[in-house]
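Enquirer: Each chain is listed here by its residues.
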Amino acid sequence: MSKGFLFINSVTVRYDHLVAIYKVSIKLALGKFHVIMGPNGGGKTTLIKAIAGLIPYEGQIKIDGLNMKKYLKKYSIGYLAQRGAQFQSFPLTVLQVVEMGRYRFRESKAVRKEHAMQYLDEVKMSSLASHPIGDLSGGQQQRVLIARALATESKLIIMDEPLTGMDPRSQSRFYEMIEHIKEKHSLTIIMSSHDIGFTTAYAENVFCINKRLVPHDEAAKLLKEPEIKKLYGPNIHLVEHHHLSSEEEEDV
Amino acid sequence: MFEFLSLPFMQRALVGGELVAVIAGIVSPILLFRKMSFMSVGISHGAFAGIALGILLGISPMWTAIVFAMALGLFIGFVSKTGKLSEDATIGTFFAFSMALGIFLIDISKGYHPDIMGYLFGDLLAISLSDVYFSMIILFITLTWYFFRGRAVVYSTFDEDFSRIVGIPVDIDYYIFMAVASLVTVVAVRFVGVILASSIMIAPAAASKMLSKQFSNVILLSILFGMAAVLGGIAFSFYTNIPSGPSVVFFVTAIFMVALGIKWSKNFARS
Ligand SMILES: Nc1ncnc2c1ncn2[C@@H]1O[C@H](COP(=O)(O)OP(=O)(O)OP(=O)(O)O)[C@@H](O)[C@H]1O
Ligand SMILES: [Mg+2]
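In the order they appear, the protein sequences are chains X and H. Here the numbering used here is used: the first residue of the first sequence is 1, the next is one more, and so on. Here the numbering used here is used: the first residue of the second sequence is 253, the next is one more, and so on.
Accuracy of the hints is not assured; some may be wrong.
[What the hints assert, rightly or not] Cβ-Cβ distance ranges computed for the label pairs, FRET-style: (1) X:Pro39 to H:Gly335: 27 to 37 Å; (2) X:Thr12 to H:Gln466: 42 to 52 Å; (3) H:Asn519 to X:Phe198: 38 to 48 Å.
[To be verified] Here are the computed lysine-lysine pairs in the DSS-like style, where the Cα-Cα straight-line distance is at most 27 Å: (4) H:Lys333 to X:Lys69; (5) X:Lys184 to X:Lys113; (6) H:Lys333 to X:Lys74.
Because the hints were derived from the structure by calculation, they are not lab data. Cβ coordinates follow ideal geometry from the N, Cα and C atoms, glycine included.
Hey, can you work out the whole structure from these sequences and the hints?
Expert: So this is what it looks like as structure tokens:
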């Protein structure tokens, strides 16, 4: 039943006693461009890290019928973390950063380099291959990280708020590039964002991680699906988000 | 000016010292980029407690120092990885404890211990042949580690989450690195002493970081800077009769200051 989907089934993540996301269930069709929306602290990063196997969670995540944790032992996925200032002065070149994506492949140095160059080419960054990663602008670094994600040859790319700090023009160029690589490599793309912008013009599926403090029934009252569709276009879907009972709230 | 090289004890000091510079030069840039340079301060002081225990028990202080330093290194690593406490807080707590323990152990062991100053501040000129062999073994271990795990460790230093995703055993690598770094620090302690070991573990890498944006060059430079400082320091100590440990530290610091000057003047020229 979960063939052809990334199947997230009743996933709960707790940080110590704080419940960050609670019983999130959603089926995401493979080969499509999905956008996770939600306010700051809504749990987007948490959900993304759970999918990427970077944090422990309750519930199940399956990809194409396979347990995601098992899948991740064998295969890489393309993962772009929410951006910080971590790449400011690290002495690696752009090319070396992309080569990270080839870690699982047994190949000679020359072949590794060749592959990395090819993916840099795809994001139009090969001219900067020998530059230190820290010398690039934020937008350029983002493209290098996309090349690194492609270099893993994964069919799944997950990006946590890649649009932060981009002006509208760069944003639309970014979306165009994403669409292009998605078609070319038949990728599944999951991306988070907290502003609607023109997300809905490009995304094939938009879903919201509600603030866990907003009761589900109230949220539903506030935001009826047809109204949201009117606002944001036909690709948006509300995801049922279980409300914490008052007992569980006290733990929080 | 190189006539000091004809003396056997000077030769041992030089060969041993240069080996330490190479070993420290390989490991210390990674410590630096992990913002864990202070770790070498912690471990070297941990080694002091080990040395004191060796003196008390009448066994070779080197072995007890290794055991203590590795235990402390892994413990610091474990606490900072799992305890949500930064390394410097853990190190700050435990290096004072290790010194206290060391002084206590020496105090209760009988007799007079003239070599304590040597352990604290290093005595390159008291290096024996077995010390030289010992550092050769550590060099071999360090090179082997770097050959097999170097790339993965640089990756996980740069981006831990992505490294996990591409299948690097980040946690195992972390503890192996802690163990190697502890070993390397003990060798440095043997040659330049507990108090000064952190100098050779930090300054050459810090100087190199300012001058290069290529990881392999940072390592190469930090090896070369360490080697130059050891050569300069030993020669200087021979001709001026000052202790060799401080002399090496003076040279390391001078190199650091020069690198800083170059970096500043570059920034200045650009603006
Ligand atoms: N490492 C952590 N330890 C404790 N609590 C955390 C941790 N990471 C996130 N949280 C909490 O979990 C909740 C969800 O955070 P998350 O980072 O997933 O939100 P987000 O939707 O990505 O927000 P943003 O738009 O700001 O990136 C927040 O209340 C946050 O404070
Ligand atoms: Mg986030």
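Enquirer: The structure should be examined with respect to each hint, and the outcome stated for every one.
Expert: Okay, the hints, checked on the actual structure:
1. X:Pro39 to H:Gly335: 27 to 37 Å: 31 Å, holds
2. X:Thr12 to H:Gln466: 42 to 52 Å: 45 Å, holds
3. H:Asn519 to X:Phe198: 38 to 48 Å: Because 40 Å falls inside the window, the suggested range holds.
4. H:Lys333 to X:Lys69: With Cα atoms ~22 Å apart, Lys333 of chain H and Lys69 of chain X stay inside 27 Å; holds.
5. X:Lys184 to X:Lys113: 21 Å, holds
6. H:Lys333 to X:Lys74: 25 Å, holds
The structure meets every hint from the earlier list without exception.
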